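Protein chains in written order, with our numbering: chain A, 1 to 294; chain B, 295 to 689.
Hints listed in this document are in silico derivations from the structure and should not be mistaken for laboratory results. Some hints could be false.
Far from chain B, by Cβ distances over 10 Å, these chain A residues were calculated [to be verified]:
hint : residue
1    : V11
2    : L106
3    : L141
4    : S177
5    : A181
Partial selection, computed: residues in chain B whose CB lies under 8 Å from chain A [as the list claims (entries may be wrong)]:
hint : residue
6    : G343
7    : V500
8    : I504
9    : M505
10   : T506
11   : D512
12   : S514
13   : I518
14   : I534
15   : A536
16   : E540
17   : Q548
18   : K568
19   : S659
20   : P682
Take a look, some chain A residues computed to stay more than 12 Å from chain B by CB distance [unchecked claim]:
hint : residue
21   : G19
22   : L21
23   : S153
24   : A158
25   : V170
26   : A182
27   : V189
28   : V211
29   : G216
30   : G263
31   : T270
32   : V275
Since we're looking at a predicted model, the values are computed, not measured. Yeah, the Cβ is synthetic: ideal placement off N, Cα and C, and Gly gets one too.
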Amino acid sequence: MDMDWGYLFEVSLTSVMGGGLYALAGLAFVMVYKATRVVNLAIGEMLMAGSYLFFTFAAMWALPLWLAIPAAVLASGVLGAVIERTMIRPLLGEPPISAFMVTIGLGSVLVGLVEMIWSADQRRLPDFLPTQAITVGDAFLAPKIFWGAVIASVFITAVLLVFRYWRGGVALRATASDQAAAYAVGINVPRVFSLSWVVSAMLAAVSGIIVGSIGGISSSMGVFGLTVLVVVIVGGLDSVLGALVAGLLVGLVEGLAGAYLGGEYKLLATFIVLVFILMVRPYGLFGTREIERL
Amino acid sequence: MNQQAMSPRRRGLMLGAAATGLAALTQPLAVLAQDASEIVIGGSIPMTGVFAFAGVGINDGIQDYVKIINDAGGIKGRKVKYVPEDTAYKVDVSVAAFKKITSQNKVNVYYGDSTGFAKTINPELERNGNILMAGASFASELNDPKKYPHQFLVGPDYTEMFGILLKHIAKEKPGAKVAFVYSDSEFGRDPIEKSEAAAKQLGLTVAIKIMTAAGSVDVSGEVIKLRRAAPDYTIFHGYILAPIPEFITQGKQQGMKSKWMGTFWTMDSSTVMKMGADGDGFMGVMPYRYYYDTEAAPMLEKIRAMRPEYQSTAYTQGMLAAMLFLESVKRCLDAGKPLTGDAMKAALNSLKDFDTGGLIGVPISIPGNSIPVGRVYKADMKAQKMVPASDWIKL
């Protein structure tokens, strides 16, 4: 069979751009794991919560977009704080499996809430991304995917800068590397925990809004979190760089599998990557070696 | 100990009471309380969960038809009772609902909520022998009177829906290139293989078949694939709404000229209207008339009088199910036959050019397990309505 390079390029471009969304959602996961060592299995559902909040503000209350988006992100931040304070904080000092199980429960609680408040119907978010088609040479790029990737990279850059230069970010990194030492130098560790959940929930909301505006929203959109989980495990649970690289990689693998093998092979290909990486590097591409196994 | 001897009379009374109690225990109380002459419609209805958008309408449709019949004096003087249970669209819950409803009532006909349930409950239905069942499923697999002798579909099966669309395409544009886009699920895969053969027979080419992963949000890779195949018509199946709008929007942005089509569960007016401006001209197969159709239809007028606001096609589906159930029961009673599954199914199959009061635009016959008739409708976004794009097509 003749290789159609144009097709390969077009599909790869779209897939890598789509992978940007995995990277952003992965970042939300890593944020919590890095600071608190909690494996948040409800990441997909938090994403969903963010997109429904946006739906409420933008479509139901008809707020203008410049207000609806920040409102949804802030409200998600509050949700993150509430989750941390009521469900995660009480488990400080308990074995990691407890917090892990709580996040599984949290996932179904969020799905239940969404179905109670907004019903399980599929809905569409108002269009807010430009619809002008993007072409790179002969290759076509869906505008939503392109702008989604742009927004994702803006946020990822912002998070990286904040981590590097802001006091709170430094405190977070300090806590991540050694909790006891962080306490000793006067860092308010519980507050750092809170902060990490708030930031994580806000990042999840941003990716939820983008994901929702591409594919519509429903109470089952948390499935997106499954791929995000693969991304962060491949990248190494506590590595920001890992989430970025793995996000793009998984996006690419998924896209190529879909293009050349068929849609039914997408998840299969993703998980083969997962198994392969775990065999070669059990702590992920860029993860710390001493990661706790559950 | 100071024990009194029991008088024979008292002993007799106690024995009698015990015997009654024993008899009551062997049969659930509700069955005893039930008026033996009642006709009972049981229902596994998805009032919550992912299928609730349809379940609520189905429930209303059945309820309204039962009311219409009871207000007119019932069937040969026998009242109709409708006993629904919420299933959240889960097979295990649905089976539990079936057991509960059939143990507390003498159920004659039953509405099931899914293909999974229809297949799971079938052996039980055979054992019972006194229930005729239909439901929300249009699975081609159920369209087999040998395997599913006591069930039927309230419309064409999914393969027949494709058949109707393909027939329309072949007429509109002979030799057209067609694409099938479907979900990686039992629902999605259902009609694909047979429909590919059917397309060939009609002189159409299936340019590409694209299966999308369950729950995948980003379909841009699939859109590229679809664009390169350049179909004249794209038929979506196995979805409710997502990711169809995304396919259409991205496809149009990339300059695709395809016409877009869907099958029953996508085709409710409210669902198609959610597609927005890009959904204008979206076509699909619908076996029923829409609530707002203007052609003469006494049943639709009745519905509009009972419910002034728009009713979904799921409502019509529920109502038609109830209508066919009760027509079968009526024919059995008229012929003096017992209400067994076999007799009711035979009565259903005896329907020849049956008038549904306009719910379906042409008189119907049910020779097997399905009603192989439908019409192509098209979205008019300006009017916010689905308008007929073809005549009624019989297979």
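- Query: Honestly, which of those hints from before does the structure not fit?
  - Reply: Per hint list: 1, 3, 7, 19, 20, 21, 22, 28, 29, 30, 31 violated.
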